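A.B. asks: Working from the sequences, and respecting the hints, build out all of it.
What follows is each chain in one-letter form.
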Amino acid sequence: MKRAVLMLLSASVVSGFLSPQDLPVQFSDVAERIGITFKHENGASPDKLLPETMSGGVVIFDYNNDGLPDLFFVNGGSFVDKKVAANAHHHLYRNTGDGKFADVTDSSGIGTFGFGMGGCAADYDNDGWPDLYVTAVGGNKLYHNTQNNSFADVTDSAGVGAGLWSASCAFGDIDNDGNVDLYVTRYVDFAPDKTKVCTLFQDVRSYCHPSVYKSVPDILYRNNGDGTFTDVTKESGVYKAGNGLGVVFGDYDDDGWIDIYVANDATPNFLFHNKGKGVFEEVGLWSGTAVGVDGKPLAGMGTDMGDMNGDGLIDIFVTNLAGQTHSLYKNLGKALFTNVTFSSGVAEATLPYAGWGTAFFDYDNDGDLDLAVANGDVLDNANLIRDNVSYAQLNLLFRNDGTGKFVSVGPTSGPGFALKKASRALAVGDLDNDGDLDIVVSNVGATADVLQNEGGNRGNSILVRTVGTRGNRDGIGARLKLSVGGKTLVRDVRAGSSYLAQNDLRVHFGLGKAQKADRMEIHWPGGPVEVIENIEANQILTVRQGEGVVGSVRFK
Amino acid sequence: MKRKLSSLIILAACLATATPVRSQPARRGLSLILVPTEGEAVQLRSEIQSGASFEAIAISHSTDPTAARGGYLGIVNESSLSRELKAALNGLKPGSVSAVTRVAGGFALLKETTAEEDRWRTQHDAAVMALQQGHYTEATSSFLVAVQQAERFGAQDIRLAESLNGLAQVYRYQLNYAEAEPGARQALMILEHALGPLHSGVIPSLVNLASITGATGRHAEAEQVYRRILSLRWGMPGGGIDAGQVLENFAEVLSLDLTRDPGLQSAVDEYRRSLSNSRLNRDLYLTMRDGFIAAQLMVEAESLMQRAASVYPDSRQLEFQLGELYAIWGKYPKAIEAFESAAHRGANADPEIERQQRSVIYERIGEMNFNLIRFDEAAVALAKALEINPASWSAHLLLGSVYLRRNRFDDATAEYSRVISVNSRSAAAHEGLARVALELERYTEAATEAGRALAIDPGLQNARYIKAMALIRGGDQVEGRVVLQDYQQRESDLQTAASRLAAIAELDKTSLTLLSEGRAQEAIALLKDGILKYPLNARLYMKLGLIQSRLQLHRDAAETFETMIRLQMDDFLVHRQLAREYEQLGNRGAGQQQRILYLQRYDAALQAKAN
Numbered sequence: 070m071k072r073a074v075l076m077l078l079s080a081s082v083v084s085g086f087l088s089p090q091d092l093p094v095q096f097s098d099v100a101e102r103i104g105i106t107f108k109h110e111n112g113a114s115p116d117k118l119l120p121e122t123m124s125g126g127v128v129i130f131d132y133n134n135d136g137l138p139d140l141f142f143v144n145g146g147s148f149v150d151k152k153v154a155a156n157a158h159h160h161l162y163r164n165t166g167d168g169k170f171a172d173v174t175d176s177s178g179i180g181t182f183g184f185g186m187g188g189c190a191a192d193y194d195n196d197g198w199p200d201l202y203v204t205a206v207g208g209n210k211l212y213h214n215t216q217n218n219s220f221a222d223v224t225d226s227a228g229v230g231a232g233l234w235s236a237s238c239a240f241g242d243i244d245n246d247g248n249v250d251l252y253v254t255r256y257v258d259f260a261p262d263k264t265k266v267c268t269l270f271q272d273v274r275s276y277c278h279p280s281v282y283k284s285v286p287d288i289l290y291r292n293n294g295d296g297t298f299t300d301v302t303k304e305s306g307v308y309k310a311g312n313g314l315g316v317v318f319g320d321y322d323d324d325g326w327i328d329i330y331v332a333n334d335a336t337p338n339f340l341f342h343n344k345g346k347g348v349f350e351e352v353g354l355w356s357g358t359a360v361g362v363d364g365k366p367l368a369g370m371g372t373d374m375g376d377m378n379g380d381g382l383i384d385i386f387v388t389n390l391a392g393q394t395h396s397l398y399k400n401l402g403k404a405l406f407t408n409v410t411f412s413s414g415v416a417e418a419t420l421p422y423a424g425w426g427t428a429f430f431d432y433d434n435d436g437d438l439d440l441a442v443a444n445g446d447v448l449d450n451a452n453l454i455r456d457n458v459s460y461a462q463l464n465l466l467f468r469n470d471g472t473g474k475f476v477s478v479g480p481t482s483g484p485g486f487a488l489k490k491a492s493r494a495l496a497v498g499d500l501d502n503d504g505d506l507d508i509v510v511s512n513v514g515a516t517a518d519v520l521q522n523e524g525g526n527r528g529n530s531i532l533v534r535t536v537g538t539r540g541n542r543d544g545i546g547a548r549l550k551l552s553v554g555g556k557t558l559v560r561d562v563r564a565g566s567s568y569l570a571q572n573d574l575r576v577h578f579g580l581g582k583a584q585k586a587d588r589m590e591i592h593w594p595g596g597p598v599e600v601i602e603n604i605e606a607n608q609i610l611t612v613r614q615g616e617g618v619v620g621s622v623r624f625k
Numbered sequence: 048m049k050r051k052l053s054s055l056i057i058l059a060a061c062l063a064t065a066t067p068v069r070s071q072p073a074r075r076g077l078s079l080i081l082v083p084t085e086g087e088a089v090q091l092r093s094e095i096q097s098g099a100s101f102e103a104i105a106i107s108h109s110t111d112p113t114a115a116r117g118g119y120l121g122i123v124n125e126s127s128l129s130r131e132l133k134a135a136l137n138g139l140k141p142g143s144v145s146a147v148t149r150v151a152g153g154f155a156l157l158k159e160t161t162a163e164e165d166r167w168r169t170q171h172d173a174a175v176m177a178l179q180q181g182h183y184t185e186a187t188s189s190f191l192v193a194v195q196q197a198e199r200f201g202a203q204d205i206r207l208a209e210s211l212n213g214l215a216q217v218y219r220y221q222l223n224y225a226e227a228e229p230g231a232r233q234a235l236m237i238l239e240h241a242l243g244p245l246h247s248g249v250i251p252s253l254v255n256l257a258s259i260t261g262a263t264g265r266h267a268e269a270e271q272v273y274r275r276i277l278s279l280r281w282g283m284p285g286g287g288i289d290a291g292q293v294l295e296n297f298a299e300v301l302s303l304d305l306t307r308d309p310g311l312q313s314a315v316d317e318y319r320r321s322l323s324n325s326r327l328n329r330d331l332y333l334t335m336r337d338g339f340i341a342a343q344l345m346v347e348a349e350s351l352m353q354r355a356a357s358v359y360p361d362s363r364q365l366e367f368q369l370g371e372l373y374a375i376w377g378k379y380p381k382a383i384e385a386f387e388s389a390a391h392r393g394a395n396a397d398p399e400i401e402r403q404q405r406s407v408i409y410e411r412i413g414e415m416n417f418n419l420i421r422f423d424e425a426a427v428a429l430a431k432a433l434e435i436n437p438a439s440w441s442a443h444l445l446l447g448s449v450y451l452r453r454n455r456f457d458d459a460t461a462e463y464s465r466v467i468s469v470n471s472r473s474a475a476a477h478e479g480l481a482r483v484a485l486e487l488e489r490y491t492e493a494a495t496e497a498g499r500a501l502a503i504d505p506g507l508q509n510a511r512y513i514k515a516m517a518l519i520r521g522g523d524q525v526e527g528r529v530v531l532q533d534y535q536q537r538e539s540d541l542q543t544a545a546s547r548l549a550a551i552a553e554l555d556k557t558s559l560t561l562l563s564e565g566r567a568q569e570a571i572a573l574l575k576d577g578i579l580k581y582p583l584n585a586r587l588y589m590k591l592g593l594i595q596s597r598l599q600l601h602r603d604a605a606e607t608f609e610t611m612i613r614l615q616m617d618d619f620l621v622h623r624q625l626a627r628e629y630e631q632l633g634n635r636g637a638g639q640q641q642r643i644l645y646l647q648r649y650d651a652a653l654q655a656k657a658n
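As they're listed, the protein sequences go chains V and D. Residue numbering for the first sequence follows our numbering, starting at 70 and increasing by one per position. Residue numbering for the second sequence follows our numbering, starting at 48 and increasing by one per position.
Since the hints were made in silico from the structure, they are not lab data. Please read these numbers as outputs of a predicted model, since none were measured by experiment. Glycine included, C-beta positions come from ideal geometry on N, C-alpha and C. Mixed in with the good hints there might be a few duds.
[To be verified] Not close to chain V: a few residues of chain D, all C-beta gaps over 10 Å, as computed:
1. Q179
2. G310
3. E399
4. I435
5. T543
6. M616
[Said to hold, decoys possible] Covered stretches of chain D, as calculated for chain V (at least 3 residues, CB under 8 Å):
7. 502 to 515
8. 555 to 565
C.D. replies: Next up, the structure:
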């Protein structure tokens with residue numbers, strides 16, 4: 070059937086009925102072909118321990134600085150079987166540049182510990198090499214890049230073990246001191262030896278709702294600049310108990326200080342407004358981003374920020390449970406948002422799905438931020454209580470018409486969006502450096518998917534890698550504004566978003582048919598603003614703070 | 048969906064007076080039998096003319112609400128009757144039966160009552176009124192007179208039984224069982240003779256007898272009578288397995304389910320077997336359904352309603368209630384199927400009732416589609432509901448919400464405004480207008496409308512949230528902050544209440560887990576702690592008592608159930624269980640007393656639900 074559709078499409082091109090530009094972009098799962106054999110171990114047990122259904126992160130980062138994005142998958146483990154737990158390794162895959170990945174876990178120095186959840190990566194010590202933070206139930210780990218294709222556990226000396234049940238993490242420079250700080254969400258006060266018993270009707274054991282546990286506050290670590298961190302949760306103003314699952318840094322009010330948005334499960338989401346120098350005030354309810362259209366908290370899981378309607382203001386998307394719709398908040402300016410879930414077209418398509426990882430990304434290079442969502446029910450026996458529901462669900466792809474109206478296009482976007490799994494983390498990045506964004510999805514208790522973008526690069530694009538000198542080394546928090554064809558595209562450098570995941574740090578701009586962009590402003594965290602003009606399309610640019618473009622490579 | 052009185056009855060009720068007015072020929076005492084088919088009417092008329100009691104026939108066969116009163120309509124102003132009925136009464140003499148007459152709702156037989164019959168009815172009704180008002184002395188003397196009057200109709204006349212029952216009841220209330228019992232037994236004999244022993248019309252006598260025998264220590268007999276009441280009230284003639292047995296099995300399932308007893312599955316199987324071989328009163332299916340829903344036994348509730356629908360294949364109400372079950376369950380597509388099926392079942396003969404029922408059905412279909420975010424389908428269903436019944440304000444409100452979701456703000460405003468034009472105190476309509484205004488960035492208007500909604504219903508948190516957002520976005524940050532703080536405080540209060548319920552539910556589940564792991568003593572300790580924290584929670588007490596019973600700690604279990612009774616937390620299951628504990632402790636008498644209370648409470652609970 071797929072073959073028939075593709076043949077029909079090809080025939081249409083030949084006949085001139087459809088031009089190549091009009092063909093829908095297709096995504097295909099190439100994981101196995103390219104050497105990604107990671108299979109998540111969730112240690113599913115009859116006791117239905119909640120982390121079993123929540124785990125599985127993915128990080129896209131270039132750990133060896135060769136310009137090729139590598140992949141890191143966070144594994145789960147087992148609370149009941151020590152052997153399974155011991156064999157549940159996280160996996161690091163090196164991008165070999167020829168369309169393949171090599172599993173370099175054994176030599177990576179990344180161990181097995183706890184029950185893994187997610188991860189994020191950034192050069193926290195500004196030595197030029199990205200480091201890795203991995204979250205888990207029972208204690209997290211910070212791995213320092215040894216510059217020798219491996220990592221060393223520096224958790225204790227850095228002071229970032231966290232403890233309890235951590236979920237997503239993200240790096241961002243809250244005080245513009247040039248060192249990225251670390252925000253870690255924490256979920257509930259679960260402990261494997263004190264688990265609650267939850268049942269569906271008729272005594273069928275099921276995973277618990279988070280409300281049976283106590284909420285716990287997240288943690289904010291300030292980077293001291295000397296390889297250590299300090300827990301500044303209370304003094305920074307972010308000490309607030311919620312069921313934190315997703316986190317993203319973003320300067321929503323464009324005042325030069327990075328803010329933090331946290332998706333909480335069954336409690337109001339948090340929007341921490343940075344008042345300056347890393348002192349925050351929680352304004353979720355005030356800003357209109359805390360709850361759903363009916364004023365009630367939803368099951369916030371994953372989140373991302375992006376300028377979805379091209380007005381220069383960054384908007385917020387949050388994934389929720391089936392039956393709730395995922396939420397889209399449009400930035401009105403003046404630090405206020407309005408819920409446009411229904412008017413945007415997102416509501417109807419997302420209602421049947423439990424959403425987790427998500428990303429704003431321009432998959433078709435037309436300059437608008439589209440949306441991808443990883444879905445999968447929480448309950449592996451959901452079909453017992455709701456009709457037409459299954460643990461494994463389709464993922465969603467939404468195309469943006471440029472004004473913030475979204476159309477669900479998954480069914481016509483190739484076999485990659487016909488896969489049905491219990492998906493969790495989702496990250497986007499240009500894995501093959503061909504100018505369009507691919508998608509990586511981690512699935513509970515199943516193999517991961519790498520959805521290769523075929524056709525997105527029929528439109529032009531550029532990728533920008535930022536290198537800070539006065540600011541943090543990765544340029545995390547930098548805001549890039551690209552002027553092309555009369556439009557201004559706003560994108561941020563972000564380390565951590567979605568659910569348990571991190572996207573390719575390089576900033577992607579779709580240019581459509583434009584052969585070049587007129588101008589790019591780079592608003593470095595803490596200043597200054599630099600301008601680059603007349604940027605040719607279809608290349609990967611490296612921009613160093615204070616020096617402009619220091620490197621460019623054509624897309625493959 | 049209760050059946051309305053026929054237009055005839057409404058008319059009669061309006062015109063009936065307390066005293067018969069015989070001097071004005073335009074007013075006549077009338078009784079009515081209403082049946083669905085002409086053939087049945089003809090047959091019944093023939094029986095009456097052959098000597099059968101009109102009143103007994105009315106009780107057994109009439110579908111009119113006057114059936115329970117032997118068909119008595121009261122004193123009616125003849126000029127107010129329909130043309131058909133006037134024609135039927137033409138030439139009719141007191142005491143005689145009219146020809147079969149076609150009316151709205153079926154076919155009628157009319158009887159002009161005699162002055163004596165009217166007098167008896169007036170006397171009897173006055174006695175009933177005195178009884179209801181607690182004027183027992185007055186009621187006693189009134190019933191005595193009524194009995195004397197009814198005796199003139201014949202020793203087997205059903206009206207005599209009615210008055211004898213009333214007299215027995217008032218004696219019973221005065222604890223004068225010696226006087227009460229003979230009349231109750233005589234009434235029962237008359238009723239059994241006139242209606243048959245399996246007719247629910249004998250229940251009033253049985254209620255008297257059960258109470259009398261129970262109060263006078265004849266517990267075994269009282270228990271039998273109560274069981275008979277349950278069977279008669281909740282079963283249907285020719286129904287296979289006795290309704291009382293089904294109810295006993297149902298109680299067993301509910302009881303065992305509370306502690307997930309190992310015997311639960313076989314109790315469920317037994318219940319299902321008895322259910323599939325019985326034919327029950329329609330209301331009982333619904334009441335048992337509600338019991339299963341409360342116990343979260345949704346699959347059993349579904350299977351029960353499917354059985355009900357098969358027993359009454361033409362019953363629109365049962366099919367509709369199956370849909371309601373699915374709606375509660377969150378299975379909206381199935382709810383829609385059931386509602387659509389209900390729309391095509393058992394059309395009501397009364398056009399007004401038919402109209403209202405169909406409108407409600409389509410409105411529910413609209414609501415289910417709305418929940419599924421199938422707005423086009425929701426709009427179609429709601430439009431149909433409104434086409435049938437333009438005055439359905441809930442349909443207008445829901446349609447407004449559909450338009451709002453579709454960004455058809457003018458249409459949404461029109462719907463909400465329509466509701467307000469008829470009912471200015473519709474908080475939901477004001478909230479709807481507030482939401483529209485917020486979407487359109489008309490912040491002052493949004494805040495005003497939300498304020499109106501809150502003035503009518505201060506509990507509307509969504510309206511409060513809208514008001515806060517409107518004030519903040521409109522620039523009134525000070526007031527916005529105040530409203531937002533109020534919203535947060537109320538959310539916190541709601542959360543506290545929810546946490547309390549969640550904590551109780553957790554105690555509940557954990558105790559069951561401990562029990563299943565063989566750690567019963569820990570379960571007991573946990574529940575006792577829970578009771579200290581939540582002293583008025585009946586569920587925790589019940590679980591404690593049942594676990595104690597399972598561990599053969601019958602003295603402790605009995606104390607627990609006795610405490611529940613003292614604290615007025617006793618439903619019928621408490622008495623049922625206490626009866627078992629007393630029996631285990633060798634106290635048969637107390638056990639029997641509790642069984643009687645169990646049966647009494649059970650019947651009362653079922654009746655309360657049905658009403």
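A.B. asks: So, for every hint listed, does it hold in this structure?
C.D. replies: Hint-by-hint comparison with the structure:
no. : hint       : verdict
1   : Q179       : holds (43 Å)
2   : G310       : holds (14 Å)
3   : E399       : holds (35 Å)
4   : I435       : holds (27 Å)
5   : T543       : holds (12 Å)
6   : M616       : holds (24 Å)
7   : 502 to 515 : holds (count 6)
8   : 555 to 565 : holds (count 4)
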